[in-house]
Amino acid sequence: MIALDRIFPARPERLCDIRHAVAAAAAALGCAENEISDVVLAVDEACQNIIRHAYHGAEGDIVVRLSAEGDRLEVELIDFAPRVDIALIHPRPLDEVRPGGLGTHFIGAVMDSVDFPSPPEGVGNLLRMVKRIGGEP
Amino acid sequence: MNVATRDHGDWVVVTLGGEVDLQHSPRLRKLLGEVMARRRPVVVDMAGIAYIDSSGIAALVEAYQTARRQAGRFTLAAISAPAMRVLRLARLDQVFAIADSVEAALEPA
Numbered sequence: 001m002i003a004l005d006r007i008f009p010a011r012p013e014r015l016c017d018i019r020h021a022v023a024a025a026a027a028a029l030g031c032a033e034n035e036i037s038d039v040v041l042a043v044d045e046a047c048q049n050i051i052r053h054a055y056h057g058a059e060g061d062i063v064v065r066l067s068a069e070g071d072r073l074e075v076e077l078i079d080f081a082p083r084v085d086i087a088l089i090h091p092r093p094l095d096e097v098r099p100g101g102l103g104t105h106f107i108g109a110v111m112d113s114v115d116f117p118s119p120p121e122g123v124g125n126l127l128r129m130v131k132r133i134g135g136e137p
Numbered sequence: 138m139n140v141a142t143r144d145h146g147d148w149v150v151v152t153l154g155g156e157v158d159l160q161h162s163p164r165l166r167k168l169l170g171e172v173m174a175r176r177r178p179v180v181v182d183m184a185g186i187a188y189i190d191s192s193g194i195a196a197l198v199e200a201y202q203t204a205r206r207q208a209g210r211f212t213l214a215a216i217s218a219p220a221m222r223v224l225r226l227a228r229l230d231q232v233f234a235i236a237d238s239v240e241a242a243l244e245p246a
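Those protein sequence lines, which keep their order, are chains A and B.
Position 76, counted from 1, in the first sequence is what my numbering calls 76; the numbers after and before it change by one each time, with no gaps.
Position 43, counted from 1, in the second sequence is what my numbering calls 180; the numbers after and before it change by one each time, with no gaps.
Each hint should be verified, as a subset may be incorrect.
Only part of the chain A face toward chain B is listed, based on derived beta-carbon distances under 7 Å [said to hold, decoys possible]:
no., residue
1, Phe8
2, Pro12
3, Leu15
Covered by chain A, according to a simulated footprint, are these stretches of chain B (three or more residues, beta-carbon under 8 Å) [to be verified]:
no., stretch
4, 187-194
5, 207-220
In short, the hints are calculated from the structure, not lab data.
Positions of the beta carbon are idealized from the N, C-alpha and C atoms, including for glycine.
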């Protein structure tokens, strides 16, 4: 079941809209409250990375898709920016207390898997995140 | 995001609420920079935070680092459940000075 398939402008002031759309879709897919919070955080952080590191603040779009099959919730984020070198995307060690690099750590902590499948023709980057849902609230 | 500051004796109390995300965190970062430049003990009232992301946390970490350099005090107080969850994910609940309430933070050490 697809609960969300929408294009959003890749701008910080639209992150609030994205979070609210993702929360509604995750709820419709049967996520518990804590699972909704996890998915919202992961999508927000991934969209931030797209805005900052893929589009570098330039105009662009992000396609946000949320779907579930059984207990497998899948998020796909698609952008149309130049390809990002996946090898450069890694969280910082948590024992280094410094301001940056937490977003990727958050995504890894709240989702069960994160990968970058080969994007279809005409697409810049495709990020896929999966989370098992239906656990204890 | 809503943010306000007030003086309480020697302390500066920063009240932070709403959704602290990439849209608003640059304003928080600037405000905390100005607050830290006053070299006064600071407590951030986080009771009203509905959402905070890594960019908001980064602004708090930066202020914490400034306080450390100044040998000053920077305390997070009355942290809402959504904010505490994100701090724990970053294991920063073990780094920041945390008080149950603003009043508790303001008590003499």
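How the hints compare with the structure:
1. Checking Phe8 (chain A) against chain B by beta carbon gives a least distance of about 13 Å; that is not within 7 Å, so the hint is violated.
2. A cut of 7 Å between beta carbons decides the hint on Pro12 (chain A): the least distance to chain B is about 4 Å, and the hint holds.
3. About 5 Å separates the beta-carbon of Leu15 (chain A) from the nearest beta-carbon of chain B, less than 7 Å, and the hint is met.
4. Here the stretch 187-194 of chain B counts 5 residues with a CB under 8 Å from a CB of chain A, which clears the bar of 3, and the coverage holds.
5. Three residues within the 8 Å Cβ limit are the bar, and the stretch 207-220 of chain B against chain A gives 1, so the coverage statement is violated.
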